[in-house]
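Novice: The residues making up each chain are set out below.
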Amino acid sequence: MKFITFFSNTAILFFLLITILFGIIERKNVIQLFFDGVIEGEKIVIALFPTLLALIVAVEMLNKSGIIYFFSNLITPILNFFKIGKNLSSLILIRPISGSTTTAVATSLMKEFGVDSKIGLIASCIMGSTETTIYVASIYSAKIKVKDIKEVLIIGLITDFIGILASCLAFNLGLMNL
Amino acid sequence: MLNLIWCFFIIISIIYSIFFGNFVNVNNSIFSGIESTTNLIISLFGSMCFWNGIMNIVKNTSMINKIKIIINPLIKKLFNNIDEDSEMYKNISMNMTSNLLGLGNSSTPCGLKAIEEMQKENPNKNKLTNNQILFILINTASIQLIPTTIISIRTSLGSKNPSIIILGVWFASIVAFLSMLLITKIYFKFRKSI
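Those protein sequence lines, which keep their order, are chains A and B. Just so you know, the working numbering puts 14 at position 14 of the first sequence, and the rest follows in order with no gaps. Heads up, the working numbering is the position in the second sequence plus 178, with the first residue counted as 1.
Keep in mind the hints are simulated off the structure, nothing from the lab. A few of these clues could be false.
[As the list claims (entries may be wrong)] List of simulated lysine-lysine pairs, PhoX-like, C-alpha gap at most 25 Å:
id : chain 1 : residue 1 : chain 2 : residue 2
1  : A       : LYS43     : B       : LYS298
2  : A       : LYS111    : B       : LYS338
3  : B       : LYS367    : B       : LYS305
4  : B       : LYS338    : A       : LYS150
5  : B       : LYS305    : A       : LYS145
6  : B       : LYS254    : B       : LYS291
7  : A       : LYS143    : B       : LYS338
[What the hints assert, rightly or not] Estimated spans, in silico, between C-beta atoms of each pair:
id : chain 1 : residue 1 : chain 2 : residue 2 : range
8  : A       : PHE15     : B       : LYS268    : 37 to 43 Å
9  : B       : SER240    : A       : TYR69     : 50 to 56 Å
10 : B       : GLY199    : A       : LEU173    : 21 to 27 Å
11 : B       : LYS367    : A       : THR5      : 41 to 47 Å
12 : B       : PHE198    : A       : LYS86     : 15 to 21 Å
13 : A       : LEU17     : B       : ILE193    : 51 to 57 Å
[Claimed, not checked] Examples of chain B residues toward chain A, derived with CB under 8 Å:
id : residue
14 : ILE248
15 : PRO251
16 : SER285
17 : SER341
Every residue gets a Cβ at the ideal spot worked out from N, C-alpha and C, and that includes glycine.
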């Protein structure tokens with residue numbers, strides 16, 4: 001497992017080193033490029049704030065009211081069949097629909113069970129390896145005014161589910177061991 | 179969509195909690211929710227700005243061309259009848275590269291341009307072509323070089339090693355991506371035969 005820890009800890013450093021070297025060799029003003037990116041990043045985060053605020057509060061309310069267990073129970077049989085912990089069901093249900101709600105649900109899961117716990121790690125992995133399929137498919141199809149997108153949705157959702165299974169597998173294979 | 183989800187979440191939590199006597203917890207959760215958003219946004223602020231800055235260096239050096247060299251053969255293999263000099267090809271290439279770098283702000287505009295170009299060549303305007311289906315599906319899959327958002331969320335929650343998930347995320351997203359390609363290709367064979 002040493003290798004995995006080593007790899008996860010050096011991947012970012014290596015990437016950073018190559019990036020800076022490219023900038024220097026091509027005689028770019030590296031720090032100015034960095035600043036420009038940061039300013040653009042500020043706008044992204046500020047634009048994200050209202051949605052996150054709205055949804056994290058709503059998800060916390062949902063969690064504390066206890067009704068989330070009612071919804072989660074709806075897909076528990078499927079999850080049991082694939083041996084996925086039922087605590088992840090709320091995350092799995094919301095993942096394809098909304099990115100910020102996913103962030104809210106994942107954050108509350110990691111807070112409840114611990115960020116480095118099994119659930120915390122699998123939740124992180126699910127968030128990173130799947131996309132908001134329904135949302136993405138609808139903005140692209142709306143742009144070209146095509147209404148019939150059922151094949152895209154079906155394949156996209158199957159793929160998301162494979163991503164979820166693969167996330168659990170990644171944990172069981174020890175790819176995320178601390 | 180978000181409007182419906184939000185209103186539904188709040189209404190249903192309040193009604194359910196009143197029925198089951200949980201309303202004190204729900205009331206407190208409003209304040210704890212506000213606090214966790216504030217903590218999260220502060221840590222996201224630093225992290226997302228930092229990575230956006232780094233990715234901006236990548237975008238403005240020839241490093242991005244090196245990444246395109248890896249992606250281009252894939253585009254040629256995946257899409258049918260695609261002209262390498264066309265505007266569509268450039269947009270697809272830029273869209274996939276930005277996705278890989280986690281630059282959502284530049285990937286979506288290129289992606290939307292690409293799908294419009296594809297629509298011009300579409301004989302039946304009410305149905306998606308094979309190339310369009312594949313392109314949308316590629317955008318619903320997520321392969322990211324560095325999953326920065328999750329790393330920053332993990333940092334804000336006090337993880338001992340926020341970036342430990344990188345290998346797992348790569349593994350899961352590549353498995354999902356490859357199965358998506360396989361399912362799509364099988365579907366296309368089936369689709370032609372109808």
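Novice: Against each hint, give a clear statement of whether it holds in the structure.
Specialist: Checked hints:
no.: 1; hint: LYS43(A) / LYS298(B); in the structure: violated (33 Å)
no.: 2; hint: LYS111(A) / LYS338(B); in the structure: holds (14 Å)
no.: 3; hint: LYS367(B) / LYS305(B); in the structure: holds (17 Å)
no.: 4; hint: LYS338(B) / LYS150(A); in the structure: violated (42 Å)
no.: 5; hint: LYS305(B) / LYS145(A); in the structure: holds (10 Å)
no.: 6; hint: LYS254(B) / LYS291(B); in the structure: holds (18 Å)
no.: 7; hint: LYS143(A) / LYS338(B); in the structure: violated (43 Å)
no.: 8; hint: PHE15(A) / LYS268(B): 37 to 43 Å; in the structure: violated (25 Å)
no.: 9; hint: SER240(B) / TYR69(A): 50 to 56 Å; in the structure: holds (53 Å)
no.: 10; hint: GLY199(B) / LEU173(A): 21 to 27 Å; in the structure: violated (44 Å)
no.: 11; hint: LYS367(B) / THR5(A): 41 to 47 Å; in the structure: holds (43 Å)
no.: 12; hint: PHE198(B) / LYS86(A): 15 to 21 Å; in the structure: holds (20 Å)
no.: 13; hint: LEU17(A) / ILE193(B): 51 to 57 Å; in the structure: holds (55 Å)
no.: 14; hint: ILE248; in the structure: violated (14 Å)
no.: 15; hint: PRO251; in the structure: violated (21 Å)
no.: 16; hint: SER285; in the structure: violated (11 Å)
no.: 17; hint: SER341; in the structure: holds (5 Å)
When the structure is compared with the earlier hints, violations turn up for hints 1, 4, 7, 8, 10, 14, 15 and 16 and for no others.
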